Amino acid sequence: MKSYADNEKNQQNGKWADKANDAAKKAEEKLDDIKKEAREAADTHQDHKSE
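Numbering (UniProt numbering), first residue to last: 1 to 51.
Hint data in this document are derived by calculation from the structure and do not stem from the laboratory. Treat the hints loosely; a few may be bogus.
In the SDA-like style, the derived pairs of lysine to any residue whose C-alpha atoms are separated by at most 25 Å in a straight line are [what the hints assert, rightly or not]:
#, residue 1, residue 2
1, K35, D47
2, K15, E29
3, K19, A5
4, K25, N10
5, K15, Y4
6, K36, A24
7, K30, T44
8, K19, N7
Bear in mind the structure is a predicted one, so any value in this text is a computation, not a measurement.
Construct the complete structure from the given sequences, taking the supplied hints into account.
The structure is reproduced here in structure tokens:
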């Protein structure tokens, strides 16, 4: 009986780990998007400055 409970607990922990990994991946992608936008904004600013 104990092994069944342990197995259930491990499966729950696995699901939490998967959710955490997904969240981390999404956060990384969002950060990349923000960096890209910032780079583009800086480039646009440089273009206006040089004119």
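Consistency of the hints with the structure:
For the suggested pair K35 and D47, the alpha carbons sit about 18 Å apart, so the restraint of at most 25 Å is met. A distance of roughly 21 Å separates the Cα atoms of K15 and E29; the hinted pair therefore holds under the 25 Å criterion. With a C-alpha separation of about 21 Å, the suggested pairing of K19 with A5 holds against the 25 Å cut-off. Restraint check for K25 and N10: the C-alpha separation of about 22 Å stays at or below 25 Å, so the hint holds.
At most 25 Å may separate the alpha-carbon atoms for a hinted pair to count; K15 and Y4 meet this at roughly 17 Å. Annotation: proposed proximity of K36 to A24 holds, straight-line Cα distance about 18 Å (limit 25 Å). Proximity of K30 to T44 is assessed by CA-CA distance (about 21 Å); at most 25 Å being required, the pair is judged to hold. Between K19 and N7 the CA atoms are separated by roughly 18 Å; this keeps the pair inside 25 Å, and the hint holds.
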